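**Student:** Sequence:
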Amino acid sequence: MGYKDVYGAWREDPNGFWMDAAQAIEWDKQPSKALFDAGDGQFEWFADGMVNTCWNAVDRHVENGRGEQVAIIWDSPITHTKREITYVELRNRVANLAGALRAKGVEKGDRVIIYMPMIPEALEAMLACARLGAIHSVVFGGFAAHELAVRIDDAQPKCIIAASCGMEPGRTVHYKPLLDGALAQAKHQPDFCVIFQREQEVAHLEEGRDVNWHGFQYGTEPAECVPVEGNHPAYILYTSGTTGQPKGVVRHTAGHLVALNWTMKNIYNVDPGDTFWAASDVGWVVGHSYICYAPLIHGNTTIVFEGKPVGTPDAGTFWRVISEHKVRSFFTAPTAFRAVKREDPKGEFVKKYDLSCLQTVYLAGERADPDTITWAQQQLGVPVIDHWWQTETGWAIAANPMGIEELPVKLGSPSVPMPGYDVQILDEAGHPVPAGTLGAIAIKLPLPPGTLPTLWNAEARFHKAYLEHFPGYYETGDAGMIDDEGYLYIMARTDDVINVAGHRLSTGGMEEVLASHPDVAECAVIGVADPLKGQVPMGFLCLNSGCNRPHEEVCKEAVALVRQQIGPVAAFKLCCVVDRLPKTRSGKILRATMVKIADAEEFKTPATIDDPAIIDEIRAAVRELGYAKEPA
Numbered sequence: 011m012g013y014k015d016v017y018g019a020w021r022e023d024p025n026g027f028w029m030d031a032a033q034a035i036e037w038d039k040q041p042s043k044a045l046f047d048a049g050d051g052q053f054e055w056f057a058d059g060m061v062n063t064c065w066n067a068v069d070r071h072v073e074n075g076r077g078e079q080v081a082i083i084w085d086s087p088i089t090h091t092k093r094e095i096t097y098v099e100l101r102n103r104v105a106n107l108a109g110a111l112r113a114k115g116v117e118k119g120d121r122v123i124i125y126m127p128m129i130p131e132a133l134e135a136m137l138a139c140a141r142l143g144a145i146h147s148v149v150f151g152g153f154a155a156h157e158l159a160v161r162i163d164d165a166q167p168k169c170i171i172a173a174s175c176g177m178e179p180g181r182t183v184h185y186k187p188l189l190d191g192a193l194a195q196a197k198h199q200p201d202f203c204v205i206f207q208r209e210q211e212v213a214h215l216e217e218g219r220d221v222n223w224h225g226f227q228y229g230t231e232p233a234e235c236v237p238v239e240g241n242h243p244a245y246i247l248y249t250s251g252t253t254g255q256p257k258g259v260v261r262h263t264a265g266h267l268v269a270l271n272w273t274m275k276n277i278y279n280v281d282p283g284d285t286f287w288a289a290s291d292v293g294w295v296v297g298h299s300y301i302c303y304a305p306l307i308h309g310n311t312t313i314v315f316e317g318k319p320v321g322t323p324d325a326g327t328f329w330r331v332i333s334e335h336k337v338r339s340f341f342t343a344p345t346a347f348r349a350v351k352r353e354d355p356k357g358e359f360v361k362k363y364d365l366s367c368l369q370t371v372y373l374a375g376e377r378a379d380p381d382t383i384t385w386a387q388q389q390l391g392v393p394v395i396d397h398w399w400q401t402e403t404g405w406a407i408a409a410n411p412m413g414i415e416e417l418p419v420k421l422g423s424p425s426v427p428m429p430g431y432d433v434q435i436l437d438e439a440g441h442p443v444p445a446g447t448l449g450a451i452a453i454k455l456p457l458p459p460g461t462l463p464t465l466w467n468a469e470a471r472f473h474k475a476y477l478e479h480f481p482g483y484y485e486t487g488d489a490g491m492i493d494d495e496g497y498l499y500i501m502a503r504t505d506d507v508i509n510v511a512g513h514r515l516s517t518g519g520m521e522e523v524l525a526s527h528p529d530v531a532e533c534a535v536i537g538v539a540d541p542l543k544g545q546v547p548m549g550f551l552c553l554n555s556g557c558n559r560p561h562e563e564v565c566k567e568a569v570a571l572v573r574q575q576i577g578p579v580a581a582f583k584l585c586c587v588v589d590r591l592p593k594t595r596s597g598k599i600l601r602a603t604m605v606k607i608a609d610a611e612e613f614k615t616p617a618t619i620d621d622p623a624i625i626d627e628i629r630a631a632v633r634e635l636g637y638a639k640e641p642a
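Quick note on the working numbering: the sequence shown kicks off at 11 and runs consecutively.
Some hints could be false.
The calculated SDA-like cross-link candidates involving lysine to any residue, where the alpha carbons are at most 20 Å apart (straight line), are [stated by the list, open to error]: (1) 318 with 90; (2) 318 with 118; (3) 598 with 566; (4) 168 with 198; (5) 474 with 118; (6) 318 with 93; (7) 420 with 447; (8) 543 with 567; (9) 474 with 226; (10) 606 with 510; (11) 566 with 577; (12) 614 with 336; (13) 606 with 618; (14) 92 with 334; (15) 14 with 566; (16) 92 with 318; (17) 543 with 578; (18) 14 with 276; (19) 598 with 255; (20) 598 with 577; (21) 118 with 14; (22) 43 with 60; (23) 336 with 281.
Quick caveat, the hints were computed from the structure, so don't treat them as lab data. As the structure is a prediction and not an experimental result, all values here were calculated from the model.
Just need the whole structure built from these sequences, with the hints factored in.
**Tutor:** The following block contains the structure:
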């Protein structure tokens, strides 16, 4: 069956399609049907089934004779450490940790916050929670104390599991003082904290509250897997909200299992036993879905990588890991490739490694500009697949389903909607628009298994944020179009579509043009206020390493390129070169913050920002452009 047949089969019989996919999961009690209407625009999947995530991700592979297969490879160029953990070792470690947590009172439904770096113990903590039916909430390691405190008060965890420190190139991030600071601010206090002491830094333990990861496991009985209802929350993952209050995305257990398992073969085209690597962090949704859960549920070997695309030690670190660990399918963010390309535009490092094991590269997290995809295709000689999804969905809304059929790649498009997603482009009034027309991207309800059923403790906010604007649809917050062959194009966040003298223009389209300039490594375009035209675009360029041409010259060429390819209607004249762009730690460019800087509006520096010092650099660049709204 090709893609159209599979998508058609889902459309014709959604219940049958997902019940069929559910056969790949081991159930304690089979669900009677796939979809349950929970009312008020909310839906649940496999709600009356009973199942355990940890059993499906770990124990069943041991029971089925795959215990000696490597489950996790830890590769940490920062600490010069490598480690392999087999499925049988993983089961024993997770069962022991879960038993120790249970002995201290953690039970089904309790929340556990996990605040850890990229070490295997982070995955073990997640799986131990899943084993008990506890609901974990992973907070990105090294997040500021205030942000951690906000999440502690919202999730109200019985326990917090943390590490003593995280390692960054050239510095140690002191997690324990950050945790102590968060607990000093938080109204809610956990019963206890488990601290994994890393050899790079041994933290002070607070008597009566903190226990040592290894010490508290002595003398406790290993825990068995606790079956939970299909609609039992597996985890809460906080995503930054526009109000400054984080949104706790909830993931139900059964739909998560079924959907993620389905994606591993159908989208990522890996078989059990293959090595799969998602170069992300467990604190983000990619880390939840494709470092921890999906590869293990499917019986793959997953890589936990503690390093950076460049600087640990060089721009060849990705290729070393792929070559050394025989990675078949590799998933990263476009921003990581842009960093590698900036350091090594000619791909000299690629040539040093045997990458014959690599079949496909997948990009997500930020729009993949055609130039970056073309560079990666040329360097690696394999398909480079852009796909699109969100923290809320947990897996790809649109992709090129390599395990079903390799569709022709259209640069700038994440290809086509996946089964379960009825993607439509709507105008402001909520009416579908013709092919090729820019509009708001929405998904007709119900959303498929594995997507968010609600927000933690915030039903009203869930409705307002996602369901209110277009009744009967989930509002993605992205803008784009669908061409006449059904390919989707994500042009920008809805608020990144700017109105220049009555013309609706995509800043993403302008970024694509700028990225095609041979000297440009990375760029961002924002819409800034203009008294005459309403809004005008402003471009920020980061240049390739080794480019020593005058900045004015590059900017002049960039302006001419946009004029030539989009037209004078874009009114693109404001353009400058900067060393770096403000980004979140997961690589997303903070365009909304840049707009506020340029328009001299008050703003709160996002907690997710990688380096707050960049704010002043952007402010200086705007001033240099002579932009009228920026105060001197």
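**Student:** Decide, hint by hint, whether the structure agrees.
**Tutor:** A quick look at each hint next to the structure:
{"no.": "1", "hint": "318 with 90", "in the structure": "holds (13 Å)"}
{"no.": "2", "hint": "318 with 118", "in the structure": "violated (36 Å)"}
{"no.": "3", "hint": "598 with 566", "in the structure": "violated (27 Å)"}
{"no.": "4", "hint": "168 with 198", "in the structure": "holds (9 Å)"}
{"no.": "5", "hint": "474 with 118", "in the structure": "violated (30 Å)"}
{"no.": "6", "hint": "318 with 93", "in the structure": "holds (18 Å)"}
{"no.": "7", "hint": "420 with 447", "in the structure": "holds (17 Å)"}
{"no.": "8", "hint": "543 with 567", "in the structure": "violated (23 Å)"}
{"no.": "9", "hint": "474 with 226", "in the structure": "violated (44 Å)"}
{"no.": "10", "hint": "606 with 510", "in the structure": "holds (18 Å)"}
{"no.": "11", "hint": "566 with 577", "in the structure": "holds (15 Å)"}
{"no.": "12", "hint": "614 with 336", "in the structure": "violated (44 Å)"}
{"no.": "13", "hint": "606 with 618", "in the structure": "holds (16 Å)"}
{"no.": "14", "hint": "92 with 334", "in the structure": "holds (11 Å)"}
{"no.": "15", "hint": "14 with 566", "in the structure": "violated (45 Å)"}
{"no.": "16", "hint": "92 with 318", "in the structure": "holds (15 Å)"}
{"no.": "17", "hint": "543 with 578", "in the structure": "holds (13 Å)"}
{"no.": "18", "hint": "14 with 276", "in the structure": "holds (13 Å)"}
{"no.": "19", "hint": "598 with 255", "in the structure": "holds (19 Å)"}
{"no.": "20", "hint": "598 with 577", "in the structure": "violated (28 Å)"}
{"no.": "21", "hint": "118 with 14", "in the structure": "violated (41 Å)"}
{"no.": "22", "hint": "43 with 60", "in the structure": "holds (12 Å)"}
{"no.": "23", "hint": "336 with 281", "in the structure": "holds (14 Å)"}
The structure does not agree with the numbered hints 2, 3, 5, 8, 9, 12, 15, 20 and 21 stated previously, though it agrees with the rest.
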